[in-house]
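Trainee: Please work from the sequences and hints to get the whole structure.
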Amino acid sequence: MAVTGISANRLELLQIANAVAQEKNIDREIVIEALEEAIQKGAKSRYGAHHDIRAKIDPKTGELALTRHVTIVEDDWQPEDELEEFNDSAMVRLTDASKRDPEAVVGKEYVEELPPFEFGRVQTQMARQVITGKVREAERANQYEEFKDRVGEIVNGTVKRVEYGNTIVDLGRGEGIMRRDQSIPREVFNIGDRIRTYIYDVRPEAKGPQIMLSRAHPGFMAKLFAQEVPEVYDGVIEIRAAARDAGSRAKMAVLSNDSSIDPVGACVGMRGSRVQAVVAELQGEKIDIIQWNNDEPTFIVNALAPAEVSKVVLDEEADRVEVVVPDEQLSLAIGRRGQNVRLASQLTGWQIDIITESQDSERRQREFTERTQLFQDALDVDEVIAQLLVTEGFATVEDLAFVESYEVAEIEGFDEDTAEELQARARDFLERQAAELDAKRKDLGVEDGVMAVPGVTGAIAVALGEGGIKTVEDLADLATDEIRGGYEVKNGERVKVPGVLESFNLAQEDAEMLILQARVAAGWIDASELPQPEPEYEEEYAEGEYDPEAVFDSAPVEDSAPADGDAEASDEASDQPRDA
5 MAVTGISANR LELLQIANAV AQEKNIDREI VIEALEEAIQ KGAKSRYGAH HDIRAKIDPK
65 TGELALTRHV TIVEDDWQPE DELEEFNDSA MVRLTDASKR DPEAVVGKEY VEELPPFEFG
125 RVQTQMARQV ITGKVREAER ANQYEEFKDR VGEIVNGTVK RVEYGNTIVD LGRGEGIMRR
185 DQSIPREVFN IGDRIRTYIY DVRPEAKGPQ IMLSRAHPGF MAKLFAQEVP EVYDGVIEIR
245 AAARDAGSRA KMAVLSNDSS IDPVGACVGM RGSRVQAVVA ELQGEKIDII QWNNDEPTFI
305 VNALAPAEVS KVVLDEEADR VEVVVPDEQL SLAIGRRGQN VRLASQLTGW QIDIITESQD
365 SERRQREFTE RTQLFQDALD VDEVIAQLLV TEGFATVEDL AFVESYEVAE IEGFDEDTAE
425 ELQARARDFL ERQAAELDAK RKDLGVEDGV MAVPGVTGAI AVALGEGGIK TVEDLADLAT
485 DEIRGGYEVK NGERVKVPGV LESFNLAQED AEMLILQARV AAGWIDASEL PQPEPEYEEE
545 YAEGEYDPEA VFDSAPVEDS APADGDAEAS DEASDQPRDA
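In our numbering, the protein residues as written are 5 to 584.
Quick caveat, the hints were computed from the structure, so don't treat them as lab data. In this text the structure is predicted, and so the values were computed from the model without any measurement. Mixed in with the good hints there might be a few duds.
Here are the computed lysine-lysine pairs in the BS3-like style, where the Cα-Cα straight-line distance is at most 30 angstroms [as the list claims (entries may be wrong)]:
| hint | residue 1 | residue 2 |
| --- | --- | --- |
| 1 | LYS45 | LYS152 |
| 2 | LYS211 | LYS48 |
| 3 | LYS446 | LYS474 |
Ranges between beta-carbon positions, derived for each pair [stated by the list, open to error]:
| hint | residue 1 | residue 2 | range |
| --- | --- | --- | --- |
| 4 | GLY273 | ARG324 | 34 to 40 angstroms |
| 5 | ARG154 | GLU492 | 38 to 44 angstroms |
| 6 | GLY169 | PRO458 | 55 to 61 angstroms |
Every residue gets a Cβ at the ideal spot worked out from N, C-alpha and C, and that includes glycine.
Mentor: Take a look at the structure:
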């Protein structure tokens, strides 16, 4: 790519441009621009860097035009940049220009053609650096444009080198990097090995685009199934979610858009032929293929297979689910080192808590006893009556005090007089409790205005006072984390910080609304600025609204997988993927 001189054959420049463009697979115009910049820089080195010298190559004839430009500026011209200054070699003030040119106006340029010159050693080296830099930039831009739209694809490449556990892969038009945590554990590659990988990210960086490759990403497994299962490739079967413990075990949820096709059976194939091809590529990774279900509890039960589930309780506000399993199924549901429940949690997007039937029974019995004692103490009744109230579903004294009296009277063994008496006692208890809380609130110095804020109860006011929140302004100035509790980093460690109302288990939305109501009461904002509740409606599944790529892009990849032999006990009975 040497430049010997601009007085050489005009076609020589075009031949250089064509050869470089073809070799590097970049536009010919980019190479010509690089040549122009190189010649321009060489000319400035020859005539002086302060001159405004421009080079232009005719892309058809190769004719080179080398010109020097002088621009007319205002008499009081001031630099836009403080580092800039008036350049008398490239600028002329209007007054001075008018002495020689009666048609001088601001912005007019005087152009002077410069004669050809031979490049010396310094100019040649400078030109080579300019052209090389421009070509390299164009190559990087081409690589980014080519690979940025290929995120989510499987590509074939050759291992170029291995550095500190990271594998550099030659992809033909670029290089990709597969970091150690994105490779399958115990998988070793040598230079020259052919490898299939998954592009999960392409990042534009100064040294060129970083093409991030993975063999541990859930999307890699999903794309392998698309290659092996025609129904998946054609879209008849959708892979809705996938979770992997790379090299050990994986779970994949599938759905058929054709009721006559079994999605699990189609992915497994005749005698497991299809799934075994994927398993072989994943170094023997065991794959559980389960049926996707729009009903969340059913899907969670399927995801925990092969364990049996007795009961599922969803907490939608906290995105948590409590799963009750038979005592003998606990180890199977959790899996070795928590693998089964962890994969099920990644697959469903729910935080799963598993308890046994005996633990659930003990908890329910404890709650029954506590509630029974509560009614005995609050209503001054015997144990039998208190147990009847708890059995009928009354959990708090408030529940009893404010229901319709006929609902209490309908309890077996009760009549209207009994119901009225019980409700009267319940209201008396609540009044006494409210008076006690109000007295305690006043002793703590909490202003009456705090009680007027919607959402503040006597118990909340007392908790606020104990936390040093005594005025409406104090409450309005809080953040949600100060109410609900949160985490902060101290000395490099993540530390739990309790909230003043943490014991009340307020939802994020409720805590935010409490603060906003306090700000309205304090006059900081207008009530019209409060968020309006959305109308309740039943969400229906809309075909085509689900984006499986988003699941694979966001699915976490475990840094490490269990060592050999760490399979769960359930796997001994079934090496083949199975339907839940």
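Trainee: Under the criterion that the straight-line Cα-Cα distance not exceed 30 angstroms, is the pair LYS45, LYS152 satisfied?
Mentor: It is violated: about 34 angstroms lies between the C-alpha atoms, which goes past 30 angstroms.
Trainee: Are GLY273 and ARG324 spaced within 34 to 40 angstroms by their CB atoms?
Mentor: About 36 angstroms separates the Cβ atoms of GLY273 and ARG324, which means 34 to 40 angstroms holds.
Trainee: Does LYS48 sit within 30 angstroms of LYS211, going by the straight-line distance between their CA atoms?
Mentor: Distance ~28 angstroms between LYS211 and LYS48 Cα, so the pair holds.
Trainee: Is LYS446 within 30 angstroms of LYS474, Cα to Cα?
Mentor: Holds, at about 10 angstroms.
Trainee: Is 38 to 44 angstroms a correct range for the gap between the Cβ atoms of ARG154 and GLU492?
Mentor: Given range 38 to 44 angstroms: holds, Cβ gap about 40 angstroms.
Trainee: Is it true that GLY169 and PRO458 lie within 55 to 61 angstroms of each other by Cβ?
Mentor: Holds, at about 58 angstroms.
Going through the hint list in order, the structure does not satisfy hint 1, though it satisfies all others.
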